[in-house]
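In the order they appear, the protein sequences are chains A and L.
If you count by the numbering used here, then the first sequence holds residues 1 to 223, one letter each, in order.
If you count by the numbering used here, then the second sequence holds residues 1 to 116, one letter each, in order.
If you're looking for bench data, these hints aren't it; they were derived computationally from the structure.
All residues carry an ideal CB built from backbone N, CA and C; glycine is no exception.
Some clues are possibly wrong.
With beta-carbon atoms standing in for the labels, derived distance ranges [claimed, not checked]:
1. Gly147(A) with Val85(L): 39 to 49 Å
2. Gly147(A) with Glu63(L): 35 to 45 Å
3. Met1(A) with Glu95(L): 31 to 41 Å
4. Lys8(L) with Met1(A): 20 to 30 Å
5. Ala70(A) with Arg55(L): 44 to 54 Å
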Amino acid sequence: MSTRTIKVIKDILESNDLIAAENRSKFENAGALAINIIGSPGSGKTSLILQTIKALQHKKKIGVIEGDVAGDIDTKRVLAGGAEDAVQINTGGNCHLEARMVRQAMQNINLNALDIIFIENVGNLICPNHWSLGEAIKLCLISVAEGDDKPIKYPEIFAASDVIVLTKNDLIAHVDFNKEFFYESLRALNPTAPLLEISSRTGDGIQGWSGWLVDQCAQKRKS
Amino acid sequence: MHEHSVAKSLVDLVEQEAQKAAAKRVKTIRLAIGDQSHIDEASLKMHFDLIAAGRKSISQGAEFQISRTPMKFRCDACSVDFEIVNHEFRCPVCERSGRMIGRGDELRVESIEVMD
Ligand SMILES: Nc1nc2c(ncn2[C@@H]2O[C@H](COP(=O)(O)OP(=O)(O)OP(=O)(O)O)[C@@H](O)[C@H]2O)c(=O)[nH]1
Ligand SMILES: [Mg+2]
Ligand SMILES: [Zn+2]
Numbered sequence: 001m002s003t004r005t006i007k008v009i010k011d012i013l014e015s016n017d018l019i020a021a022e023n024r025s026k027f028e029n030a031g032a033l034a035i036n037i038i039g040s041p042g043s044g045k046t047s048l049i050l051q052t053i054k055a056l057q058h059k060k061k062i063g064v065i066e067g068d069v070a071g072d073i074d075t076k077r078v079l080a081g082g083a084e085d086a087v088q089i090n091t092g093g094n095c096h097l098e099a100r101m102v103r104q105a106m107q108n109i110n111l112n113a114l115d116i117i118f119i120e121n122v123g124n125l126i127c128p129n130h131w132s133l134g135e136a137i138k139l140c141l142i143s144v145a146e147g148d149d150k151p152i153k154y155p156e157i158f159a160a161s162d163v164i165v166l167t168k169n170d171l172i173a174h175v176d177f178n179k180e181f182f183y184e185s186l187r188a189l190n191p192t193a194p195l196l197e198i199s200s201r202t203g204d205g206i207q208g209w210s211g212w213l214v215d216q217c218a219q220k221r222k223s
Numbered sequence: 001m002h003e004h005s006v007a008k009s010l011v012d013l014v015e016q017e018a019q020k021a022a023a024k025r026v027k028t029i030r031l032a033i034g035d036q037s038h039i040d041e042a043s044l045k046m047h048f049d050l051i052a053a054g055r056k057s058i059s060q061g062a063e064f065q066i067s068r069t070p071m072k073f074r075c076d077a078c079s080v081d082f083e084i085v086n087h088e089f090r091c092p093v094c095e096r097s098g099r100m101i102g103r104g105d106e107l108r109v110e111s112i113e114v115m116d
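All chains, please: the whole structure from these sequences, using the hints.
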């Protein structure tokens, strides 16, 4: 038997990336800005979505794809909070969403009726990063309650994100969160991504955040 | 944590490449895996073997050769490149904060060795 070497040089997750590319063109053709929200369990992902829906209620139609290991609590919350449309994905134990799951969920949502679609990933700072979903914006959400060392402990997601939102700012006096250190380590990993500080509890910073989002919608339309 | 999903994609990809080359069997798979991919090599191999065996794949029994890549930083002031060790992103010489120059997030098949 003879052996030979075949050059491959392909990403192992290429099959996911191909489906993600299909999703991306569907979002773009429908004019819906897709945002993949990645953050720890309980960091405040659904709360951010709810605040955004409220802040933009007469301006933007917002849909949500909710990814959870099980259950549909968050989907009910965003529908009650005024989401135009929402669908639940249950990953059945999987620690992250994959493009094929989002493709399936997209069949149950009228993208043409939406300006913005949030995809709330499974609460996790590691795995979701490797599976592109076809989003226009990868958003990393971190709350002050998780500690200022999250960028250096989970550097990859902070390096790969298009925007970083620091939430639960109202709790800053109650936790040891050194903002200077947080900013320094974050900038070493990602010098350019905008960083927005908010509190979903008090509404602080929500205007700035939703303004940024509206700008992104406008830029998307132009390009 | 996510080795099963990665292993499944890996079996698909290797099978596809081997078939394209009209090979009979895959002997070796050369992989580039970044530290930030958070892949446990033993777990990846175990999942790979189970999936390949389940499908009676031509990649069944293939050995892995893995090269690891770390996350890399550079200190522009000292022209020093360094890896993130114990979460330290500051320059080992001047202790100023470094600039990331390599993510170490590879999950790539470089080549496969096949038998005819
Ligand atoms: N004080 C304070 N609490 C907040 C804030 N945002 C969210 N919370 C609380 O944090 C908890 C978790 O919030 P969720 O929005 O459900 O978090 P999540 O990231 O969607 O959680 P999972 O989907 O379960 O991973 C809830 O009790 C919220 O009320 C904030 O800005 N300030
Ligand atoms: Mg939630
Ligand atoms: Zn230096």
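A quick look at each hint next to the structure:
1. Gly147(A) with Val85(L): 39 to 49 Å: violated (20 Å)
2. Gly147(A) with Glu63(L): 35 to 45 Å: holds (41 Å)
3. Met1(A) with Glu95(L): 31 to 41 Å: Once the Cβ atoms are compared, 57 Å apart, the range 31 to 41 Å for glutamate 95(L) and methionine 1(A) is violated.
4. Lys8(L) with Met1(A): 20 to 30 Å: holds (28 Å)
5. Ala70(A) with Arg55(L): 44 to 54 Å: For arginine 55(L) against alanine 70(A), whose Cβ atoms are near 28 Å apart, the range 44 to 54 Å is violated.
Violated hints, listed in ascending order, are 1, 3, 5; each of the other numbered hints is respected by the structure.
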